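**Student:** Sequence:
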Amino acid sequence: MKNKKFIAFAIVAILAVSVFGISGPALAAENTTLGDGFGTGYLGGIGGKLPTTDIRVVAVNLINILLGVLGIIFLLLVLYGGFLWMTSAGSDEQASKGRKIIGNSIIGLIVIFVAFALTTFVFNILQDTVSVPTTGN
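Residue numbers (my numbering): 235 to 371.
These are calculated hints, taken from the structure and not from any lab test.
If you're wondering where the values come from, they're calculated on a predicted model, not measured in any experiment.
Mixed in with the good hints there might be a few duds.
As the list claims (entries may be wrong) - For lysine to any residue, the following SDA-like pairs were computed, each having C-alpha atoms within a straight-line distance of at most 20 Å:
| hint | residue 1 | residue 2 |
| --- | --- | --- |
| 1 | K331 | L352 |
| 2 | K334 | L310 |
| 3 | K334 | L352 |
| 4 | K334 | F317 |
| 5 | K239 | I341 |
| 6 | K334 | I306 |
| 7 | K334 | A247 |
| 8 | K331 | F347 |
| 9 | K331 | T321 |
| 10 | K334 | A242 |
| 11 | K334 | M320 |
| 12 | K331 | F350 |
| 13 | K334 | N358 |
| 14 | K331 | G342 |
| 15 | K239 | G315 |
| 16 | K334 | V312 |
| 17 | K238 | L310 |
| 18 | K238 | S322 |
| 19 | K238 | I248 |
| 20 | K239 | V345 |
| 21 | K238 | V345 |
| 22 | K334 | D288 |
| 23 | K334 | I307 |
| 24 | K238 | L318 |
| 25 | K331 | I359 |
| 26 | K331 | I248 |
| 27 | K334 | F355 |
| 28 | K331 | G302 |
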């Protein structure tokens, strides 16, 4: 039971570090052009500027971040399954469990690739069909 709790905690910790590690610098870089670096530009407090990023770009960035996190989870699952398989020491049950984890991880990776291709296709179609108004700065 403790082993399962440790694995669950490790996965949650890796997800948290991955999400904040990947999206933090991008958000900080975007924020520097909109105010004094403390987020006041989003409120309109500095010169009345509001963010001009298109909502579709934000959605694509969020989806790409989530798919990247799923890729990290895939890598961890493959490593865990390989570890189980290699340390089975003749135990057919543990070796089959490791192979099963690796097989399911590969199926998950295929789903991730299909989701990435589908979202890229949909947002490219939306970008071509909808005109985005530009603002003069």
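**Student:** Against this structure, judge whether each hint is valid.
**Tutor:** We went through each hint and held it up to the structure:
1. For a cut-off of 20 Å, the pair hint linking K331 to L352 is broken: about 31 Å separates their Cα positions.
2. Proximity of K334 to L310 is assessed by CA-CA distance (about 14 Å); at most 20 Å being required, the pair is judged to hold.
3. Pair hint K334 plus L352 does not hold up; C-alpha atoms about 27 Å apart against a cutoff of 20 Å.
4. Simply put, K334 and F317 have alpha-carbon atoms about 12 Å apart, close enough for the 20 Å limit, and the pair holds.
5. For the proposed pair K239 and I341, the alpha carbon gap of about 25 Å is over 20 Å, so the pair is violated.
6. Straight-line distance between C-alpha atoms of K334 and I306 comes to about 18 Å, which keeps the hinted pair within the 20 Å bound.
7. For the proposed pair K334 and A247, the alpha carbon gap of about 24 Å is over 20 Å, so the pair is violated.
8. A distance of roughly 24 Å separates the Cα atoms of K331 and F347; the hinted pair therefore is violated under the 20 Å criterion.
9. Pair hint K331 plus T321 holds up; C-alpha atoms about 11 Å apart against a cutoff of 20 Å.
10. The straight-line distance between the Cα atoms of K334 and A242 is roughly 19 Å, inside the 20 Å bound, and the hint therefore holds.
11. Annotation: proposed proximity of K334 to M320 holds, straight-line Cα distance about 13 Å (limit 20 Å).
12. For the suggested pair K331 and F350, the alpha carbons sit about 28 Å apart, so the restraint of at most 20 Å is broken.
13. Proximity of K334 to N358 is assessed by CA-CA distance (about 36 Å); at most 20 Å being required, the pair is judged violated.
14. Between K331 and G342, the direct Cα distance comes to roughly 16 Å. Compliance with the 20 Å bound is thereby established for this hinted pair.
15. As the CA atoms of K239 and G315 are separated by approximately 17 Å, the hinted pair is consistent with the 20 Å bound.
16. Between the alpha carbons of K334 and V312 the distance comes to roughly 10 Å, so the proposed pair stays at or under 20 Å and holds.
17. For a cut-off of 20 Å, the pair hint linking K238 to L310 stands: about 15 Å separates their Cα positions.
18. Proximity of K238 to S322 is assessed by CA-CA distance (about 18 Å); at most 20 Å being required, the pair is judged to hold.
19. Our distance criterion of 20 Å between C-alpha atoms is met by K238 and I248, whose separation comes to about 15 Å.
20. Under the criterion of a C-alpha separation no larger than 20 Å, the hint pairing K239 with V345 is inconsistent with the structure, at around 27 Å.
21. A threshold of 20 Å between alpha carbons decides the hint, and for K238 with V345 the separation of about 25 Å lies outside it, so the pair is violated.
22. With a CA separation close to 42 Å, the supplied pair K334 and D288 exceeds the 20 Å bound.
23. About 16 Å separates the Cα atoms of K334 and I307, which keeps this hinted pair within 20 Å; it holds.
24. A threshold of 20 Å between alpha carbons decides the hint, and for K238 with L318 the separation of about 14 Å falls inside it, so the pair holds.
25. For the hint linking K331 to I359, the alpha-carbon distance of about 42 Å lies beyond 20 Å, and the restraint is violated.
26. The straight-line distance between the Cα atoms of K331 and I248 is roughly 23 Å, outside the 20 Å bound, and the hint therefore fails.
27. Between K334 and F355, the direct Cα distance comes to roughly 32 Å. Violation of the 20 Å bound is thereby established for this hinted pair.
28. With a CA separation close to 26 Å, the supplied pair K331 and G302 exceeds the 20 Å bound.
Hint check: violations occur at hints 1, 3, 5, 7, 8, 12, 13, 20, 21, 22, 25, 26, 27 and 28; the rest are consistent with the structure.
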